[in-house]
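Colleague: Those protein sequence lines, which keep their order, are chains G and W. Numbering (this note's numbering) for the first sequence: 1 to 304. Numbering (this note's numbering) for the second sequence: 1 to 475.
No wet-lab data here; the hints were simulated from the structure. Watch out, some of these pointers could steer you wrong.
To be verified - Mimicking DSS-like on lysine-lysine, the simulated pairs with C-alpha atoms at most 27 Å apart in a straight line are:
#, chain 1, residue 1, chain 2, residue 2
1, G, Lys192, W, Lys459
2, W, Lys459, G, Lys241
3, W, Lys459, W, Lys432
What the hints assert, rightly or not - Derived contacts from chain W toward chain G, CB cut-off under 7 Å, selection only:
#, residue
4, Ala60
5, Thr67
6, Lys82
7, Gln84
8, Glu85
9, Glu126
10, Glu280
11, Gly282
Note that CB positions come from ideal geometry on N, CA and C, so glycine has one too.
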Amino acid sequence: MPAGSNDTSPASLEEVREGLAGAGYLPSESATLVSYLAHRLGKPVLVEGPAGVGKTELAKALSRYTGRRLVRLQCYEGLDEAKALYEWNYRKQLLRIQTESAGTGWQDVQEDIFSEEFLMARPLLQAISVHEPVVLLIDEIDKTDQEFEAMLLEVLSDFQISIPELGVVEATTQPLVLLTSNNTRELTEALKRRCLYLWLDYPDAERELEIVQLHVPELSETLMRKLIEIVHMVRGLDLKKPPSIAESIDWARALVLLGAGDIDKSMFERTMSIIVKHRTDLDVVAERVGVRLENGLLGRAEQS
Amino acid sequence: MASSEEPSRANRPPGRGSLYGGLPDAAAPGLAPQLVRFCDELRREGVKLGSAEILDAFGALGEVSWTDREDFREALAATLAKSQEDRRVFELVFDRFFFRAVEAQAIDKGLKEQRFQGGDRIDLDELRQQIQDAIRAGRDGDMADLARLAVAALGGQGETSGVIGVDVQRIRRTLDLRQQAGGNEPGEEQLDRDNIRRFEAHLRRELERALIHRTESLPPAKPLAEYDRALPGGPLQDLAQVHRVVAQLKRRLATSGHEQRGRRRSRVVDVRRTMRASLETGGVPLRLRFRPKRPRRPEIYVLCDVSTSVTSASVFFLSVLHALHDAFRKLRSFAFVERIDEVTEIFERERTFQAVSQKIAREAGVADVSGYTDYGRVWMEFLERVSDDLDPRSTVIVLGDARTNGREPHAPIFGLVAAHAGRTFWLNPEPKLYWNYGDSVMAAYAPYCDGVFECWTTKQLEQFVNVIAGSPEVV
């Protein structure tokens, strides 16, 4: 946990940038600014971008940086209120009724079993009802149905949840909310209106180099340059799944473990399954990159 | 000049700021009115903005320093542009708006900068080299400075055509800037397409500025060109876009089936699982468990016209087909010109798009003699081949322009195909305006289809997806 873990919102952009870097995340300009605004304005952030550019990682880094707990809601098709907001603990309610002595009236029992004691808080309710502010990550919001989005609106704009039996639960603290989307479907205007928008893209070579360096400092500079160059080239091909940043880091780690002194054709072919994960993609990449490695067209920086 | 003739601000229709040139009328001073005007301009370019967004923008500006251009821009973008497409439009409008605002102020205050006069003394070869270096390295600041020099050297009074677009191209030709050809061959003199575009933007701005200084009035504000507005990218990115839309189609087809169609009515209680779940609640079956509903497996037949009349569209169609193949397992695709041939296998074997289109051109026996489409014959052959396999659960999608080249359309046979299949859709790559004109017989086929769509951009493909998936909002 970083030393400056506190809940006061950051005073400057610089502070956010350094904080995130301290948490192991090198943010782009826009990511820094939007995180800062999210803090200051208390608005949710909608993060979009291709898979593997660090959308989820940004939320994790924010949680590490602010010292807040991360509450994560992983979205999927068919996710409903019972799994996202709250659910009554039927079992406990039943036990409560059964242990009741015969004399008590229904009125007493009813008031009793619909109390907070019998409520099971799911991530969204948890995020707004805890005493310490948290970072709430609603991951892959585009995987849910539109109805679920509508349900989120109350939470996102007013930070409250209405429970028919209990009334309205209002947030005691303001969570920092991040929603991520892979853009597989258009989100509703209503949801977008309530959010700040951040588009994350693959970083340019320099920044990705810094990121990999931060995570795998053992790898030599020249090798790392070559690695980034290859990864960027692979991303330029028409692949089913372009390599993500996490995969570049994994690859760098693998090279360190193998004690590789250079990425030549054979080394590349043995390890490329780390960055390319489709059989058909493998063929394309092996052919296109392999040729370049043979001809020495890549990693010219190394020879000079 | 025109400012005196312009009617007062109050009774002027909104959004015609300086349509006829001249100076925009003096807005109320301060940032707020300017920002509202900026939002107005964004709205006119099709960005959906509510007052909530504008209020947010003000809130955000309260938190960042206004002296840093990048922060200012990012703060506005985060609150006003809520998708990548909007962001693109935002960038363009932002540049245009503040450029014009600055120039208007400059004229207003009578400020004039000293133009560089020694244009004829600049060594052209040296300049050309420097510009190419800057573009290759992608240094934005250098590009801006060099664009200024280039305009001074080449955009002299005598040579300007007065039309900025023409001048930009003329200067570009003189400077010998060629963009990278699609392939990957490491040519020496070829430059990155995006960087050239950036340099052109600088040139354009410098020329505009020179013009404004000469005439002391702002040129009319033009809406953004479609070309600028589109996201930059080559065919590869279009392909990615198609893949995205098709992935969406798959999701829609998969979820729409059992979400809406009265799932409550037809659900069957799974007694065993209900009993098991009731153990949690002391044997009281509080929650019913239902048998999972078997998902509907859509079986899709796609027929794709690959004749010369749809050449430009067939590249698009093939990429649609290609993406469909990645998304659906039960898909059979057919290509046709004069005859029809099944190409499902080619798609299964070949991964890259290029390889697929080549293989289809070479292997599929679709063209007979003339190379003109013969829809009638295609239907007969298709029906003969697959009539046994078609059932009410299958969907037939035809991609073609319905131009029969004067041959018999055999619409009733197409009707038979449609009758065998559950649903039939037709995607036509021509604008609706041209349908049924000349040898197009769209009207003959349309009655048998469940839907006929015009489809030549990914946007329209998305609309098609929305409609057939029964989505409430048509984007």
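Colleague: Under the constraints set out in the numbered hints, which ones does this structure not fulfil?
Modeller: Result: hints 5, 8, 9 break, sorted rising.
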